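Trainee: Chains A and B, in that order, are what the protein sequence lines are.
In this text, residue positions in the first sequence follow my numbering: the first is 2, and each later residue adds one.
In this text, residue positions in the second sequence follow my numbering: the first is 13, and each later residue adds one.
No wet-lab data here; the hints were simulated from the structure.
Heads up, a few of these hints could be off.
Stretches of chain B that chain A covers, calculated by requiring three or more beta carbons in the stretch to come under 8 Å of a beta carbon on chain A [claimed, not checked]:
| # | stretch |
| --- | --- |
| 1 | 51-63 |
| 2 | 111-117 |
Okay, derived cross-link-like pairs now, DSSO-like style, lysine-lysine, Cα gap no bigger than 30 Å in a straight line [stated by the list, open to error]:
| # | chain 1 | residue 1 | chain 2 | residue 2 |
| --- | --- | --- | --- | --- |
| 3 | B | Lys67 | B | Lys25 |
| 4 | A | Lys104 | B | Lys83 |
| 5 | A | Lys79 | A | Lys104 |
| 6 | B | Lys15 | A | Lys79 |
| 7 | B | Lys69 | A | Lys74 |
| 8 | B | Lys25 | B | Lys15 |
The following residues of chain A were derived to be distant from chain B, with all beta-carbon distances above 12 Å [unchecked claim]:
| # | residue |
| --- | --- |
| 9 | Gln15 |
| 10 | Gln45 |
| 11 | Asn63 |
Computed from a predicted structure; not experimentally measured.
By construction, the Cβ of each residue, glycine as well, lies at the ideal position given by its N, Cα and C atoms.
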Amino acid sequence: AQTVTQSQPEMSVQEAETVTLSCTYDTSESDYYLFWYKQPPSRQMILVIRQEAYKQQNATENRFSVNFQKAAKSFSLKISDSQLGDAAMYFCAYSPHLQGAQKLVFGQGTRLTINP
Amino acid sequence: DVKVTQSSRYLVKRTGEKVFLECVQDMDHENMFWYRQDPGLGLRLIYFSYDVKMKEKGDIPEGYSVSREKKERFSLILESASTNQTSMYLCASSFYEGTYEQYFGPGTRLTVT
C-alpha cells in the first residue's frame, strides 16, 4: 500500500524567510503524481503545486517550489519570502497515474506558522 | 471558479442518530470523494464515486455509506452515529481524466455526543 509521511507536525519561520517542508512516500508504481495542498485556518483546502513523476524538472509556482527526488522517494516544498498568508496546514499527497477515479493518499500534515 | 459546497459547517448530533452530510459541486466533475480529517492522521478516504450510482470503498468505510443519485451531489450517511465519528469531514471532486487535481469543500465539523 502506498503511504505518505510528513515527519514535521509543526514548523515556524520568520516572515520573508525561506522554509522547507518535508515529505516522503512509499510506492512500487513508476508513474504517479505528487501534490502539496494548503489548508488555511477555517478555509478550504487548495492545491499549491503538482509534480508528475515522469518529469525530471522540479515544479515551481511563484514563491513555491519542490525538490523531487524520485529515487529517494522524497518530495519537499520550499516556500520563499514567507508571507503571513502562508500560515496554514500543508498536506503532501500522492496519486498513482491510473485512469479513472484517482484516489489521493495524504500525509499527516505540517502546521506552518509565520512569525511577523 | 470551481465550487464545492457542503450542507453544514458545524453539526452536533447524538449517539445513535442517522446523519446525512451533503456535498454539491458545480463543475460537472465525474469523481467525488469523502474524506475524514483528524489531527495527526491527515485525510483518510471514506468512499468515492466515479459516476452516478457508482461507489467504491476507501480506506475507512466502516460505519458509513454513501449515495450518488445525481452527478453533482454526493451524500455521506452515518447510519448510527457514534462518538468515534466526531471529526472534520471533507468532500472533494475532480474530473475523471485530466490533472488529477481535487477541489475541496469547506468541510463539516461533526460532533457526536
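Trainee: It remains to establish, for every hint, whether it holds in the given structure.
Mentor: To see whether the hints hold, each was checked on the structure:
| no. | hint | in the structure |
| --- | --- | --- |
| 1 | 51-63 | holds (count 9) |
| 2 | 111-117 | holds (count 6) |
| 3 | B:Lys67 / B:Lys25 | 25 Å, holds |
| 4 | A:Lys104 / B:Lys83 | 18 Å, holds |
| 5 | A:Lys79 / A:Lys104 | 25 Å, holds |
| 6 | B:Lys15 / A:Lys79 | 28 Å, holds |
| 7 | B:Lys69 / A:Lys74 | 27 Å, holds |
| 8 | B:Lys25 / B:Lys15 | 27 Å, holds |
| 9 | Gln15 | 25 Å, holds |
| 10 | Gln45 | 5 Å, violated |
| 11 | Asn63 | 17 Å, holds |
Taken one by one, the earlier hints fail for this structure only at number 10.
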